[in-house]
Amino acid sequence: MQGNGFKVGLTIFFVGLCGFYLFPSVQNLYVSYKMNNMPEEERVEYREDNRQWLQQVDASSLNLGLDLQGGMHVTLEVEIGNLLNQLAVNKDEAFQQALRTAEQRAEEENVSVVEAFVEEFEAENPDGRLSRYFRNQGEDITRRSSNDEVQEYLQGQADTAVQNGIQVVRNRVNQYGVTEPSIQRQGDERIVVELPGVSDRERVRDLLESASQLTFHLMANPQQLGESVQRMIEYYEPTAEDSARIAEAQAADTAAMEASTDTSGVTEGTELAASSGQEASGGQQQGTALTEPGESAQTGPQNSLLAAMQPMPGQEQPIIGRAFASDTSRVNELLQDPSVQNMLPPGIEPMWTASPVLTTEDGREAFHLLAVRAEPELTGEVVTEASVQFDRQTNEPKVSITMNSDGARRWDRITAANIGNRVSIVLDDIVYSSPNIQSRISGGRTEITGLESRQEASDIVTVLQSGRLQTDLNIISERTVGPSLGEESTRAGFISVVAGFLLVVLFMIMYYRTAGVVADIALLLNLILIMGILAGFGATLTLPGIAGIVLTIGMAVDANVLVYDRVREEQATGKTLRAAINAGYEQSLSAILDANITTFFVGVILYSFGVGPIKGFAVTLMAGILASLFTAIIVTRIIFDYMVEDRRMQVSYG
Amino acid sequence: MRLFENADYSLIPNRRIGYIISGTLLAISILSLLTKGLALGIDFRGGMEFVVGNTTDLNTVDVRSALTESFEEEPEVKRFGDVGHLVRISKKGDITTMENQVVSALNAQFSGRDIAIESTNVVGPRFAEDLKRGAIYAVLGALLVVFLYIMVRFEWRYSLGAVAALVHDVTITLGIFSVLAGIAPFSVQIDQSLIAAFLTIVGYSLNDTVVVFDRVREYVNLFKTEAFDEIVNRSINATLSRTVVTSLTTLIVVTILFVFGGEVLRGFSFALIVGVVIGTYSSIFVASPTIVELNRRLEKSAA
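Top line first, the protein sequences correspond to chains A and B. Start counting the first sequence at 7; every next residue gets the next number (the working numbering). Start counting the second sequence at 56; every next residue gets the next number (the working numbering).
Worth double-checking, as some hints may not be accurate.
If you want a taste of the chain B side facing chain A, the calculated C-beta under 8 Å gives, among others [to be verified]:
no., residue
1, N176
2, R188
3, V201
4, T304
5, F315
The calculated label-pair distances, taken between Cβ atoms and stated as ranges, are [unchecked claim]:
no., chain 1, residue 1, chain 2, residue 2, range
6, B, L86, A, N96, 53 to 63 Å
7, A, Q236, B, E127, 56 to 66 Å
8, A, N131, B, D117, 56 to 66 Å
9, B, E128, A, R106, 22 to 32 Å
10, B, F278, A, I515, 29 to 39 Å
Hints in this document: simulated from the structure, not taken from any laboratory. By construction, the Cβ of each residue, glycine as well, lies at the ideal position given by its N, Cα and C atoms.
Kindly produce the complete structure, drawing on both the sequences and the hints.
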């Protein structure tokens, strides 16, 4: 066993590492098993008591793919052709023709719409200049800009459109209230959205595909609002039999609310000023007058509205209330009630803020519900330019907006009549900013000051830009798996792994005797290593991934089989056991490496071209190859060395 | 227990038998692929696919006729394990509308049960084109990488032998899928997961081939006086026991996947069963004879 110290250390290290990564998954399994055995009430209580810990465990355990846990996987495409159409200032026949062919080509070939459009246009009009369609002073595209410059500009616009699309989708999904959604960009013009556990397909489709529009709205009068909110709360004051039922479920929400109120107040001091260099008079501290924690704890449990939302009347801003992300959809539901709708001041619609107004220590985010006038004053088309700038004196970030002449004229009228009131910038019924109008703004150049961070400023700019151009999203692929099908797949996968493992284990013992047992130990270790690698790299376990594991069980023993058969051959030539083992490992090494490296390459290729669940298969296949190489070359060798050299055992190779 | 211990079969001398078997299988496969073609799944063709639940006790024919009436076209309907039925609609249209039409048509025909959509799979035409392109690149890329790796580690002759075996395996597996299209009681449509299965077959078959080649390389240096044919035959026999054992364990697990892995993996695991059998066969009867034949040509042209 001398000289094996390093190998033993390495093995312990890897197994320990995998154990470390797998621990949360095991905990998660144990906890869900424990909770399943609890009576309903106890379970609710347990979940509330350990909310933070449970979330942590869940977040760090092995991810299950949507095909196992159920949910929706949607691929959206941003309509770039439509975008080009919107960007063009004049659309002659040549333009239309090139755009049509480009859209068609993009459908059939692996080429982006912008690329295809430029190529088509140049092919049809060798001397034509694209700049004649896309003149834009703000972006420095003039009559003399070369086609390359225009292409770069268009590509940039397309890119922004996709970024905006992602932002829009993220907000809509947050609004819908899905736990752990994933929104990712794929390639040039696609967005992949994964929504675990979602089953209301129709609503999600509408949510994702509906066109977004940027609008500017005036807001409700805060004084009027207080009374409305009071009436809504009274409306949801429960009857005696309701209260007992509701009390239980909602006790904890309120508890969490309480905790969060301690975190601090909210700063909301954005202001709107004419861009004439005049200094904004500093942000106002606001939102510190939150409801007393004790108060809401006492009345909260009985009232379903209060349980989901904390009312915040009497603010300088027209805030109806504040709620955690997990409760916003519940609040929406409660406010849908026609009688509640009637309690709001006429023409007022409740809308959520886009960014959280506070974040609790355990990472929960709360949003304001604002009372906004439903009728927009202006739509996003009037915005010609929006950018982040910095104040020359204070170096604070600010947003600069330029409007076209029509917009500027109307803006002048609106601001003149509403000095001291707030105006909200709304995209998709979400309020991105609601600055205070400081003065009458003539000439169309506007600034939003008093922003908290550069990030906030650039978020607002993104929204303003996306409102300028409408981003159309189309669902081009959708995969929905219902929870019962997911469960069935999980069960089928689990049975396959166990059955495959047991049969292979038995076969190896029958065929190779003692050495078979060693191979089986390696196989078990192999499974642990694969799962550990998956958990450690944050990979997702899908049904094809499980198939990959089952396949690995069968193929992983191959390396052992190669070694063992070689040992048998060496023994047949009359070598001692020890010499035969040494020769067996040495002679079979090149075959093992060559065979596995080629298969690993295949896994890499599969990973780079595969989509969704197939990627999961490729990952487990690669993890399986690495794990089986390690166990077959190093781990089994340690065991044989120990048995033969230290213990002088006679090992049977069958 | 020992299988094929000290095997000494005349495999290379009798390689013509292999040529006949492979030739026949290839001819049938290519013929079927050219005439009947492959049933493409919606991944590569585009379209909509729904799994409806609560229909396990209904007859597939009845479900189909209920939908035919409503859609004015005959949709593809298949049993889907213990869940219900799989419905494929080629008509284009809004997803939600189609879903509702399927559900209402079925609930109207078979009242008293709550038939609902269990899962949906929709692939748009452009996305399908992309997936198809990706799949073709993946298979070609895999073959190229394998060819290059073996050329670096062995020699170009071996590369050709290995790739010949891989093309042989994938063609015959595809051929079997083409022949079985419309006959098999499970889905034999070519979709993304089948591409994964094909690449796994490529990997597996290669694994087998490389092990034999590795032995050939070793014996070429060991038995310098022997003819190349003899060496290859000896290598195949020396590794035969390992080839059979590994094929057995792999076959065990893929059969388990086929039986217990559920409806979603049925086609995938079937491809793997076929692939393991053909891959094992081809490393002995295709890859090895190829290098023998190539060697003969070389010797002849040298002489």
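Hints and how they fare:
{"no.": "1", "hint": "N176", "verdict": "5 Å, holds"}
{"no.": "2", "hint": "R188", "verdict": "6 Å, holds"}
{"no.": "3", "hint": "V201", "verdict": "6 Å, holds"}
{"no.": "4", "hint": "T304", "verdict": "5 Å, holds"}
{"no.": "5", "hint": "F315", "verdict": "5 Å, holds"}
{"no.": "6", "hint": "B:L86 / A:N96: 53 to 63 Å", "verdict": "57 Å, holds"}
{"no.": "7", "hint": "A:Q236 / B:E127: 56 to 66 Å", "verdict": "57 Å, holds"}
{"no.": "8", "hint": "A:N131 / B:D117: 56 to 66 Å", "verdict": "59 Å, holds"}
{"no.": "9", "hint": "B:E128 / A:R106: 22 to 32 Å", "verdict": "30 Å, holds"}
{"no.": "10", "hint": "B:F278 / A:I515: 29 to 39 Å", "verdict": "35 Å, holds"}
Hint violations for this structure: none, all hints satisfied.
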